[in-house]
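*Asks:* Chains as they are written, first to last, in the numbering used here: chain A, 1 to 301; chain B, 1001 to 1285; chain C, 2001 to 2280.
It should be emphasised that the hints constitute simulated quantities derived from the structure, not laboratory data.
Virtual Cβ for every residue (Gly too), placed ideally from N, Cα, C.
Hints may be right or wrong, so weigh each one.
Said to hold, decoys possible - Residues from chain C that keep clear of chain A, each with C-beta distances beyond 10 Å, as calculated:
hint	residue
1	Thr2092
2	Asp2111
3	Lys2122
4	Glu2202
5	Ser2205
Said to hold, decoys possible - List time: in silico SDA-like cross-link candidates among lysine to any residue, alpha-carbon distance up to 20 Å:
hint	chain 1	residue 1	chain 2	residue 2
6	A	Lys116	B	Leu1262
7	A	Lys195	B	Ala1016
8	B	Lys1010	A	Arg113
9	B	Lys1278	A	Arg113
10	A	Lys295	B	Leu1106
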Amino acid sequence: MKKEEGENKRAQRLREGIIEKALFASAAVSVLTTLGILGLFLFEAFGFFGEVSIVEFLTGTLWTPLFEPKHFGVLPLVAGTMMVTIISIAVAVPIGLLTAIFLSEYASDRLRRLVKPILEVLAGIPTVVYGYFALTYVTPLLQQIFPQMIVFNALSAGLVMGIMIIPMVSSLSEDAMIAVPNSLREGAYALGSQKHEVALRIVLPSALSGIIASIILAISRAVGETMIVSIAAGSTPRLTLNPLESIQTMTGYITQISLGEAPFGSLEYNTIFAVGLTLFVMVVIINTIGNWLTKRYWRSY
Amino acid sequence: MSNVNQRHLKGRLLFAAGVIAVSISLLSLVALLLDSFLDGLPYLNWGFLTSYPSRFPDQAGILPALFGTIWIVGLTALFSFPLGVFAAVYLEEYAPKNRLTDLIQLNIANLAGVPSIVYGLLGLGLFVESLAMGRVILAGALTMTLLILPVIIITAREAIRSVPKEYREGAFALGATRWQVARQIVLPEAFPGILTGTILSLSRAIGEAAPMIAIAALAYVRFLPTSPLDRFTVMPIQIYNWINMPRVEFRELAAAGIIVLLIVLLAMNSVAIFIRNKYQKRAVG
Amino acid sequence: MYENILRNRSADPDIELMSNEDQELRLLQRNDKICFRSFNLWYGEKQALKDINLDIKNNILTAIMGPSGCGKSSLLRSINRINDLIQNCRTTGEVLIDREDIYGGKVDVYDLRRRIGMVFQKPNPFPKSIYENVAYGPRIHGTTDKTDLDTIVEKSLRGAALWDEVKDRLKDNAYSLSGGQQQRLCIARALSIEPEIILMDEPCSALDPIATSKIEALMRQLKEAYTVVLVTHNLQQAARVSDMTAFMYIGEVIEFGNTTDIFEDPQKELTEKYITGKFG
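Turn these sequences into a full structure, and let the hints steer you where they fit.
*Replies:* Below is the structure:
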């Protein structure tokens, strides 16, 4: 009986050990994913940079890998991404922050329960739908204001992307504001402050780290967005400051080539990995800056 | 104007600005939905749901894309749910507080912020090419799994963390092993939260076009996929194709496709919210 | 002051009146069940237990008392090694149960915990039915036969003086019980694995006086069959139910002996101060 018990115990210990290793392996899949991304991109980019100098890639102002003469300067794509991103942030941050202030400091419970689901719906709509909306509604609308604007342009895409990002900024900022303890607000009210002064001078600075985090996350999302720009921004890589023109973003380019006929392993094909690597590096840098800024302004209560 | 009145004015301005901000979101949503519905409703009929894509807009339908979406979501759920839950259990119940664990956590948080198209490229290079699967459903599902895994892990962890530690202590004091505590005490309690989070992640996956484009490319799919090794397309890709076609009727077909997509999403999200509400009430009692 | 406590004790009809000599003899006949030998415990940098040397005898109730933060809970939790769950918990020294060091390398901690039952400060039944709460322990240790489980559940609930109150609603959720009943359910749960030792960490501190007295009566029954170690901050409770008492202060055992001796004739000044209420 004792021997059986001992064997049962050994079997159980063995089983527990195997289970723990299996669970660890599941968690390790995430690490493998990152290594996979890095490994793959570096490998393919290596093939690319064997033929194209990295200096030309990073500083060239013409991107024409599919036409003769071929140019491989990535700056137009980066500029396109940046322009759309800036427009979208210019839309999303003010509206998102105002929404957050309104919801956390002014709105009644009933109103909040009504508005928040609406924002959640806005956040859940697929980006293809936003792209459709940009092309079929926003662009014609804007063309009435700017007659010289062509169908594919950065402004429409940027505006619509901004609308898509509003929920992200507003809900994360609102969480940050609600986390500010009421005792701080009460102290300010006791000094005779009015509601907007409490909101802007007390709550907002205290919630700053959360708000910054939400903005950084929004930037990151905007940079990586694909469908809206593919549908509405155009496919003309162009280094320009004019949002009414057609441009192409990094993500738009990758989509274009993926849908095309470039054979695997060819130089044209490898460009998507070179651009993809650039995109990945940019996103990681943005997230890292965001984390650093968040920690710097963190106030714990 | 006196100081107090000046300040009151500023206050009213802020309030007005807030109302305008909320209204902009509201109106945008309404405009977006109306735009799609008005354009697409005429084309939305039973024939649309059961036909294949065609050069003739009147005969075109979304059936293969619908099938493809169901295949992809089904397989993705199959892969990502256990992987995500197991990883979350490891990180919450087993992992020691050391550098390696910190690294894994940081890594998962970073991966949640990586653009979906990067995952598409990863899937392309790894599953489609290196593992020579080809542009098939399996490659798509595996790619989608990697995409939503970080989010599933994060939400599962939150659900697990919300289980009171008193339950665990009671079980450990009875001599339960780590796995017994995790499986018999923690997971049953955390299950509704995990399920809700998974369904929401999957519904996000349904709407993702970019990674699927990288995997499936512009497949003109006129058949119904019957195995994970078939080529495929999904609804967002089909919609995207139609939008890019020159004739305006195809744009309206795209709108019809959008309506179908939104209805599927609405159904999934409603299920998730229903589960969340049902179990939140029970937990309070 | 402490005479009052003892007077109350002898007035209670449930307590057998024994002469001090008989009491001493009874204790002498007992063996050492749990022995602490130069035991130290740290949470990170903070030392919670300092050089503990303590022999707890079997089949009696030993109370551990002292002000907040003195380490009594840490001491208790070292016996079933549930402190292991805390991340940077470190120990040196030995804890012998039946003369085997439970901190030695070869000990299976899950097996150890099977021999020890624990009742926590706040009742913590599982979010399951009453039946399932009590059946959980036997189930994980291998009992699957329904009849066997039924027998164990009834026996444990009787042992916790709860059976009559719940026998018709075993399928009800454990949280439908009152606080005192929940705690007795937790005691039943601890009994279900047929332990040798029962650890109780201030089990009555979250309960009303009526529930408390029911559980104290239970404690007096339990000590006949089990070795009970009770942590309490309630002096009167320690005097009412325990045979031996240890007084702890800032991580050290200041004094340890028969409860009567401790309360009537404390040797250490600190002990006397605590008993007479000079500090909490």
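*Asks:* Each hint: holds or not?
*Replies:* The hints, checked one at a time:
Every beta carbon of chain A lies more than 10 Å from that of Thr2092 of chain C, the smallest distance being close to 26 Å; the non-interface claim holds. With 10 Å as the threshold on Cβ separation, the claim that Asp2111 of chain C sits away from chain A is violated: the shortest Cβ distance comes to roughly 7 Å. With a cut of 10 Å on Cβ distances, Lys2122 of chain C stays outside the contact zone with chain A, its closest approach being about 26 Å. For Glu2202 of chain C, the condition that its CB be more than 10 Å from all CB atoms of chain A holds, with the nearest at approximately 30 Å.
For Ser2205 of chain C, the condition that its CB be more than 10 Å from all CB atoms of chain A holds, with the nearest at approximately 29 Å. Distance check on the hinted pair: Lys116 of chain A and Leu1262 of chain B sit about 19 Å apart at the alpha-carbon level, within 20 Å; holds. Taken as a hint, the Lys195 of chain A and Ala1016 of chain B pair is honoured in the structure, with Cα atoms around 13 Å apart against an allowance of 20 Å. The hinted pair formed by Lys1010 of chain B and Arg113 of chain A fails the criterion: a straight-line CA distance of about 27 Å is larger than 20 Å.
Pair hint Lys1278 of chain B plus Arg113 of chain A holds up; C-alpha atoms about 18 Å apart against a cutoff of 20 Å. At most 20 Å may separate the alpha-carbon atoms for a hinted pair to count; Lys295 of chain A and Leu1106 of chain B meet this at roughly 14 Å.
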